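Colleague: Chain by chain, the residues:
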Amino acid sequence: GAVVSQHPSRVICKSGTSVKIECRSLDFQATTMFWYRQFPKQSLMLMATSNEGSKATYEQGVEKDKFLINHASLTLSTLTVASAHPEDSSFYICSASGGLAETDTQYFGPGTRLTVL
Amino acid sequence: TQLLEQSPQFLSIQEGENLTVYCNSSSVFSSLQWYRQEPGEGPVLLVTVVTGGEVKKLKRLTFQFGDARKDSSLHITAAQPGDTGLYLCAGGFKTIFGAGTRLFVKA
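Protein chains in written order, with the numbering used here: chain A, 1 to 117; chain B, 1 to 107.
Keeping only pairs whose Cα atoms sit at most 27 Å apart, straight-line, the calculated DSS-like set for lysine-lysine is:
| no. | chain 1 | residue 1 | chain 2 | residue 2 |
| --- | --- | --- | --- | --- |
| 1 | B | LYS106 | A | LYS41 |
| 2 | B | LYS70 | A | LYS41 |
| 3 | A | LYS66 | A | LYS41 |
Simulated coverage check for chain B against chain A, where a stretch passes if three residues somewhere in it have a Cβ under 8 Å from a Cβ of chain A:
| no. | region |
| --- | --- |
| 4 | 38 to 47 |
| 5 | 96 to 107 |
No lab work stands behind these hints, which were simulated from the structure alone.
Since the model is a prediction, treat every value here as computed from it, not as a measurement.
Ideal Cβ positions, reconstructed from N, Cα and C, are used throughout, including at glycine.
Construct the complete structure from the given sequences, taking the supplied hints into account.
Modeller: Next up, the structure:
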């Protein structure tokens, strides 16, 4: 099956620093990648959708200047949390899809646990 | 706005019992997916249902898609401790997730 990796799996940083999270599709080309955030004991909330070579589409309430997304290739998308603060601490999960149709399967990465001190 | 409501939110049962988790919406979905997520990991796809009325089985798990494609259910037969986890239904192109059902199966 399709595999999606994320790096790092866990990061702890000081308040004010920027953190970059990578999402890679290892054995398929991902036309679309999605970034989610999950707070403890809650479900996944979509942050943004990115298509290779174009600007990401952010969900309402998500600051695009704080959560910078770059989908540079068909196998890599990055999420940079700029000037992270403790309230940004969360579990960030990406997913990748090889198609644009609603029925195209999304494959999820293992997630990145961000802790901002 | 498409929304998915899951029930129950939490379920604690004894090993061997049966259970059903529901996923409901007022919107029609082209397909619905069921995921299972364990703590500290990403969701793992269990099944995708596409056709109204469709029933899919995965060992002890039975998934059903409503005739109108607005709801789905997950039935687990003879639950085992290994079934413990967060079960999520999802649908739509942007993959809207339900709030999830946290299942705990006691040995």
